[in-house]
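Let the hints inform the model, and build the full structure from the sequences given.
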Amino acid sequence: MSYSILISISTFVYFFASVFYILSVIFNKERLGLVGKYITIFAIFLNLAGFAVRWIVSYKLGIGRIPLTNLYESLVFFTLCIALVYIFLEIKYKNYFISAFASIIAFITIAYSSLSPDINTKITPLIPALKSNWLTIHVITCFLGYAGFALSFVISIIYLVRINYLNLKLNELDEINYQMVVLGFLFLTIGIMTGSVWANSAWGSYWSWDPKETWSLITWFIYAILIHARLVKSWRGRKLAYISIIGFLAVLFTYFGVNYLPSLHSYGTV
Amino acid sequence: MKNTIFWKFFKSVKLSIVIFIAISILCMVGTLVPQLEKERFYLLKYGDTLYSFFKFINIFDIYHSYVFISLVALLALNLIVCSLDKIKASFKLAFKTVSFRADKVKNYPIKVEFSAKEKTENLKKVSKEVFNKFFKVKEIFQTDIGKSSYFFGDKGRISYLGVYIVHFGILLVIIGVLIDSIFGFEAFVEIKEGKGTNVVHLKKSKEKRKLDFYIFCKDFDLSFYENDGTPKEYRSSLALKKDDKILIEKDIIVNSPLRYKGINIFQSSYDIAEPKSVTLNIQNRDTGMTYNKTLKINEEEKLPADLGKLEILGFTQSYKFAGHSLGPTFFARLTKKEKQYEIVLPISFPKFDSMRKRDTIISVINYDKTYITGLQVTKEPGVFCIYFGFILVIIGLFISFFITHNSFCIILTEDGDKTNVLLCGKSNKNKISMGLKLDKIKYEILKSGEVI
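These protein sequence lines map, in sequence, to chains A and B. For the first sequence, the numbering used here assigns the number 1 to the initial residue and increments by one for each residue that follows. For the second sequence, the numbering used here assigns the number 1001 to the initial residue and increments by one for each residue that follows.
Keep in mind that the hints were calculated from the coordinates and are not lab data. Careful: at least some of the hints might be erroneous.
[As the list claims (entries may be wrong)] Calculated cross-link-like contacts (lysine to aspartate or glutamate; reagent style EDC-like; alpha-carbon spacing at most 20 angstroms): (1) Lys1204(B) with Asp210(A); (2) Lys1426(B) with Asp210(A); (3) Lys94(A) with Asp1439(B); (4) Lys1128(B) with Glu1118(B); (5) Lys1111(B) with Glu172(A); (6) Lys1440(B) with Glu172(A); (7) Lys131(A) with Glu1233(B); (8) Lys60(A) with Glu1226(B); (9) Lys1038(B) with Asp210(A).
From a predicted model like this one, the values you see are computed outputs, not experimental measurements.
Okay, structure coming up:
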């Protein structure tokens, strides 16, 4: 089966997962949430299959590379990361509320990848600079980091609107939020560092103030502020939720916005 | 020392946050204002007054401006002072021998209380097992006070040291960058196939620098993907020579540089050198006869069969015609009977000249194509310091984020045939997890009772 069909199906499966999660939250029925969970697991399976098939197809085309090198592929992988992180949180904390919001984000991300007309889904060969083993680890760590921040963003919004259906206490929500920031921060750090090592082995320069690099550094500083404010100044709750939202805007700018600035990371463009 | 204003100012985390924000703002400006462009570009974009002001505050090379460098220096100082300020206390906390105090344990914030229909003696063994299952500690401290038995354990104190490892790692990165900017260089050099040089051009100062060996480019190769013609690989066969002795040879491609005694040579770009001669096919439209002729650039030559005189005027990498790029192209001038015709000869389109509808049709068969390879030459003595810093930062983050200092106690109090059980836990990070764990332990203890 073609990868684009698998991805299209998984788009709808993510949508159904969101529907069940939302119903579960509205009617306070845990069973509906459980359905959402199984649907999500199915969507993850399809998403992963789409990823794998695309990988295999690239070999058949004689190109042979991991599908992590353009906007379409990165959106598909980003969705996978978000879904994995929220399903992990759901299993750990037995809460469907975060999943309801996170699955909407996963759905929007993957829908954007397959429905937007501006996105090129063709498998193109790698330009010489991208031919490196560092590519895999750099992209995977960056997107795991982004997924952590996306979850933190979702939780921050839930925290700020304080919806009544919530069966989690606010301080618990705050703590899960912080854990997501920590996850994102660790992986963003590894992502930036592996990128730097890679740049040094490809171009002979570990940092060239390219807009994507610079914005990832700005993102890193924003979350560093959050972590220091929490650990040293004992900030909690609303203030941190606001910083997390600002941080996620920086993530989005690092991901999409810098394409409007001249950059080495041009493969992120459509 | 610790009471001086200097110390109090630099240990403050408020200062760190202000520096983070300031550096971020400068970075944002740096991505919005194009960096290191030519003066003319800026004058056009910003006009005279704004240009002189921007130049004065060094906004066009913002990452090397005094403000930026001072901020990084300030950050380093802040990092050192705030780490030194607390490191002693943290070391004590991490390595002190843990003492058990019954009254303290009972004040732990996370508690689960229940009673089990089981004698205390029977529950003791279970408690130990459960303890080992959920809190793998080196040693369980066990004591009886009055009617109560205590099982106590404590682990993960090393997590208090993670932050210092991270800060030290970041400091190493800053030091590494400093070492590179003092002792290292970044340079560029273009070498024609078959030629060599020992002079490179420094990127920052635009000065020349002599290396103590020659870089020879034996060959340059360029390959394309078959399906869509995007570049697949740039490859330069290099040899480093000193006093006619070959020091090292290597084919370099992007992502696989040549490293020799601290100097790194990277494939960076390529160019095609101006050709010296070109072989043409000349067809006489009237007779259908064709001739091949090799011409040197800028030397007029007579064509056979009275077709006139031809001079190759020049060469360009890419010629634009009606909005399309025709690729590498020669320009020539044909002089016939006192009349001159300008001729365009795109190499990839041999029929192009026939559109002229004259009595000669000229096309290029081949030309002496010589590549020029563009190499990035760097010396980075600080790079190991930077990479070591990276590793420390990652290890430190792991320790401080994922190792949690947990203290935990099971208290069994005899109450006739029953036993009152109190689980007390304390965690410096993950309080929800601790709560969930205590619930699981309660379940296990109750379950074991039924089995026995």
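Taking the hints in turn, this is what the structure says about them:
Under the criterion of a C-alpha separation no larger than 20 angstroms, the hint pairing Lys1204(B) with Asp210(A) is consistent with the structure, at around 16 angstroms. A threshold of 20 angstroms between alpha carbons decides the hint, and for Lys1426(B) with Asp210(A) the separation of about 45 angstroms lies outside it, so the pair is violated. A threshold of 20 angstroms between alpha carbons decides the hint, and for Lys94(A) with Asp1439(B) the separation of about 14 angstroms falls inside it, so the pair holds. Pair hint Lys1128(B) plus Glu1118(B) holds up; C-alpha atoms about 15 angstroms apart against a cutoff of 20 angstroms.
Between the alpha carbons of Lys1111(B) and Glu172(A) the distance comes to roughly 16 angstroms, so the proposed pair stays at or under 20 angstroms and holds. Taken as a hint, the Lys1440(B) and Glu172(A) pair is honoured in the structure, with Cα atoms around 18 angstroms apart against an allowance of 20 angstroms. A C-alpha spacing of about 9 angstroms is found between Lys131(A) and Glu1233(B), which places the hinted pair at or below 20 angstroms, so the restraint holds. The hinted pair formed by Lys60(A) and Glu1226(B) meets the criterion: a straight-line CA distance of about 14 angstroms does not exceed 20 angstroms.
With a CA separation close to 18 angstroms, the supplied pair Lys1038(B) and Asp210(A) stays within the 20 angstroms bound.
In this structure, only the earlier hint numbered 2 is contradicted, and the remaining ones agree with it.
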